[in-house]
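Colleague: What follows is each chain in one-letter form.
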Amino acid sequence: MESLVRHTSETATRRLMRWADRGVSPYLYVAPFFVLFVGFGLFPILFNGYVSLTDRDLLRPGAETFTGLANYRELVGDEYFWNSVKNTFLLMLMCSVPQLALALILAHLITAVVRLRTVVRMGVLLPNVTSIVAVTLIFGQIFSRDFGVINWAIGLVGVDPVNWQAGDWTSRASITAMVVWRWTGYNALIYLGAMQAIPKEQYEASSIDGAGSWRQLWHITLPALRPTIAFTALISLIGQMQLFTEPLLFDAAPGSVSGGSARQFQTMTLFMYEESFRLGHLGYGAAVAWVLVVMTFALAGIGYLLTRRGSWLGGTT
Amino acid sequence: MTDTAHDALHELAPLRGPRRRRAQPSGPAGTSRGILTRYPLLLVVLVLSSFPIYWTFTIASQTNAAVGQTPPPFLPGGNFLANARRVFDTVDFSKAMINSFIVAGAITASTLVFCSLAGFAFAKLRFRGRDALLLLVLSTMMCPVQLGVIPLYAEMQVLGWAQNLLAVIVPTAVSAFGVVFMRQYTIQVVPDELLEAGRMDGCTSWGLYWYVVLPALQPAMAVLGLLTFMQAWNDFMWPLIVLSPQNPTVQVALSTLAAGKYMDYTLVLGGTALGTLPILIVFAFFGRRIIGGIMEGAVKG
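Protein chains in written order, with this note's numbering: chain A, 1 to 317; chain B, 318 to 618.
Excised from the complex, chain A in its bound form:
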């Protein structure tokens, strides 16, 4: 009798354990991700929407007043804001298009490399492991007016030194060079990975028909990579929309956050940083951030609709 009682309670415990194991533990395994993501990723982004409707100062936390759409009304008439929008879109296109085109050509060059394969691939990825801060500081020296290598090199062919940081287009071109340098190899490796899924027979057949290597790139590789190209284009456009470190540290005046003396390369993210963390206008900065969030989601949505089956993997940016 006694053993029977113990037996039933034992199965009850076991059933409870089993329920805890099968029914509850999966939630515990995924919980840390969601707690951290909701608490420190999603909540701040959404709360931005509310902060942008208030007037609050960095130095007086807690003292805020609800002002409705006042920040947005001010934004519409703010010429510095529109200047940053213009620069953001210009740099977005200037950085993304050459980067992806060069990456495709580079992948095409690498794919048939047999000797020194690892050396070539590591060399190509080297710029990407360098931090953006380091890249900007290095290129700042390379493009410097007085001691830069570029000015020395163009001086050899008789061109006068260029004050890269000062001009509208020369400064944007320098920033483009930094971004393209850092990301071309990374994208080339993504293309290289995708190229390995293209059946070899397609290349062999076209070789027999007499097609050269560059024609194969255009007629076989490019169409086959279309989903991958769309995916990398999306990732790169979204990444460039948030360009911050390059325009911050390329400034000729150390410590300046205006993106050049005439704001010629101030991006939206840098404008948001200036307003909120230099001038202390947190509410106004949040309005800028919210515009950027909406723009990012719009871009991602368009990209998703255009590609549908674009791979969601591979982006660690």
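Careful: at least some of the hints might be erroneous.
Not close to chain A: a few residues of chain B, all C-beta gaps over 12 Å, as computed [as the list claims (entries may be wrong)]:
#: 1; residue: Gly395
#: 2; residue: Ala399
#: 3; residue: Phe405
#: 4; residue: Asp406
#: 5; residue: Ile415
#: 6; residue: Phe418
#: 7; residue: Gly422
#: 8; residue: Pro508
#: 9; residue: Asp509
#: 10; residue: Glu510
#: 11; residue: Tyr528
#: 12; residue: Pro532
#: 13; residue: Asn564
With a straight-line cut-off of 25 Å between C-alpha atoms, the simulated SDA-like cross-links for lysine to any residue are [said to hold, decoys possible]:
#: 14; chain 1: B; residue 1: Lys441; chain 2: A; residue 2: Leu28
#: 15; chain 1: B; residue 1: Lys578; chain 2: A; residue 2: Ser261
#: 16; chain 1: B; residue 1: Lys578; chain 2: A; residue 2: Gly280
#: 17; chain 1: B; residue 1: Lys441; chain 2: A; residue 2: Ala31
#: 18; chain 1: B; residue 1: Lys441; chain 2: A; residue 2: Pro32
For each label pair, taking beta carbons as the anchor points, the in silico distance ranges come out as [to be verified]:
#: 19; chain 1: B; residue 1: Leu365; chain 2: A; residue 2: Phe66; range: 47 to 55 Å
#: 20; chain 1: A; residue 1: Leu305; chain 2: B; residue 2: Arg605; range: 34 to 42 Å
#: 21; chain 1: B; residue 1: Tyr528; chain 2: A; residue 2: Tyr27; range: 20 to 28 Å
#: 22; chain 1: B; residue 1: Glu510; chain 2: A; residue 2: Pro61; range: 54 to 62 Å
#: 23; chain 1: A; residue 1: Pro223; chain 2: B; residue 2: Thr387; range: 45 to 53 Å
#: 24; chain 1: A; residue 1: Tyr27; chain 2: B; residue 2: Glu513; range: 20 to 28 Å
Everything labelled a hint here was simulated from the structure, so no lab data went into it. For glycine and all other residues, C-beta sits at the position ideal for the given N, C-alpha and C.
Assemble the complex: chain A is given as a structure, and chain B must be docked to it using the hints.
Modeller: Relative to chain A, chain B alone:
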């Protein structure tokens, strides 16, 4: 060509699941003309991609007087240690290095633990709401979290973490990419039958994770760990906002160096060289795995 195929497969081996079939690696036919143009072009590419790094170490080992000459010095000089000493005198660079190791190490460890756990649950466990939750993870991959910095800063003030390393570690302690990557790899390398057998032997789901899944995930975790570490080491905007110049990470300390009264290039690039060195060492040892991970990312999904 068989050799090429074999090489490519070998290169990707760390990430290849045993149950996975893959198309033969392929490439445009290597005509002799193609080879003649290909290698010189590649040489130009390699020079361009490594020159700025070489240049950093060249400038970092010169004196300011030498850097100002025309033509500039193209070979490294003997002044690196003197410049490095100036870096440590100008900013608290040893503290910055230690901070960066703590931050990057902690983020890497927590990403590996939490992402592999969640990836395992999404790949192999059945629970209500699983597909909806997975969709949520996927949709967050595009979320521009760096745009939430203003409320996040307020959050840190409330928590009392402002200017504390916790403020940098906790918000990036997991990544949606990591969860998706771990889930994908678990599906590829861990057969359901193996887990069923484990269940028969009385293994709990934690036991399955610990004894079956975790060992099988090692190669993918190495890749995720390396990518996470480098990203955390290089992160700049949020640490700049939430940390003070007195308690910086390496990247924040570099920006402080560059914000001096005038641009002291041997000092700034000396610091840049020191701050980049750890990443270059990691890359030299594990570059192959990182490359495999990036290439693999594209063909999945």
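Colleague: Taking the hints in turn, state whether each one holds.
Modeller: Status of each hint after checking the structure:
The beta carbon of Gly395 of chain B is kept farther than 12 Å from every beta carbon of chain A, the shortest such distance being approximately 19 Å. The claim that Ala399 of chain B is not at the interface with chain A holds, since no C-beta of that chain comes within 12 Å of its own (minimum 18 Å). For Phe405 of chain B, the requirement that its beta carbon stay farther than 12 Å from each beta carbon of chain A is met, with the minimum near 17 Å. Residue-level check passed: Asp406 of chain B sits 18 Å from the nearest beta carbon of chain A, beyond 12 Å.
No beta-carbon of chain A comes within 12 Å of the beta-carbon of Ile415 of chain B; the shortest separation is about 17 Å. Once the 12 Å rule is applied to beta carbons, Phe418 of chain B is consistent with being away from chain A; the minimum gap is 15 Å. Under the 12 Å C-beta cut-off, the non-interface status given to Gly422 of chain B relative to chain A holds; the minimum distance is some 17 Å. The claim that Pro508 of chain B lies off the interface holds: its Cβ sits roughly 19 Å from the closest Cβ of chain A, which is beyond the 12 Å cut-off.
With a least beta-carbon separation of about 15 Å from chain A, Asp509 of chain B lies farther than 12 Å from that chain, consistent with its non-interface assignment. Taking the minimum C-beta to C-beta distance to chain A, about 18 Å, the non-interface status of Glu510 of chain B holds against the 12 Å cut. Distance check for Tyr528 of chain B against chain A: the nearest CB is about 15 Å away, which clears 12 Å, and the non-interface claim stands. The claim that Pro532 of chain B lies off the interface holds: its Cβ sits roughly 17 Å from the closest Cβ of chain A, which is beyond the 12 Å cut-off.
Consistency note on Asn564 of chain B: stated as away from chain A, and its beta-carbon is indeed over 12 Å from all of that chain's, at 17 Å minimum. A threshold of 25 Å between alpha carbons decides the hint, and for Lys441 of chain B with Leu28 of chain A the separation of about 14 Å falls inside it, so the pair holds. Between the alpha carbons of Lys578 of chain B and Ser261 of chain A the distance comes to roughly 16 Å, so the proposed pair stays at or under 25 Å and holds. The straight-line distance between the Cα atoms of Lys578 of chain B and Gly280 of chain A is roughly 24 Å, inside the 25 Å bound, and the hint therefore holds.
Among the hinted pairs, Lys441 of chain B with Ala31 of chain A is consistent with the structure: their alpha-carbon atoms are about 16 Å apart, no more than 25 Å. Between Lys441 of chain B and Pro32 of chain A the CA atoms are separated by roughly 18 Å; this keeps the pair inside 25 Å, and the hint holds. The beta-carbon spacing between Leu365 of chain B and Phe66 of chain A, approximately 53 Å, falls within the hinted interval of 47 to 55 Å. The hint said 34 to 42 Å for the Cβ distance between Leu305 of chain A and Arg605 of chain B, and at roughly 37 Å that hint holds.
Hint check: Tyr528 of chain B to Tyr27 of chain A, Cβ distance near 21 Å, so the stated range 20 to 28 Å holds. Evaluation of the 54 to 62 Å hint for Glu510 of chain B and Pro61 of chain A yields a pass: the beta carbon distance comes to about 57 Å. A hinted range of 45 to 53 Å holds for the C-beta pair Pro223 of chain A and Thr387 of chain B, which are about 50 Å apart. Taking the beta carbon of each, Tyr27 of chain A and Glu513 of chain B are about 22 Å apart, inside 20 to 28 Å as hinted.
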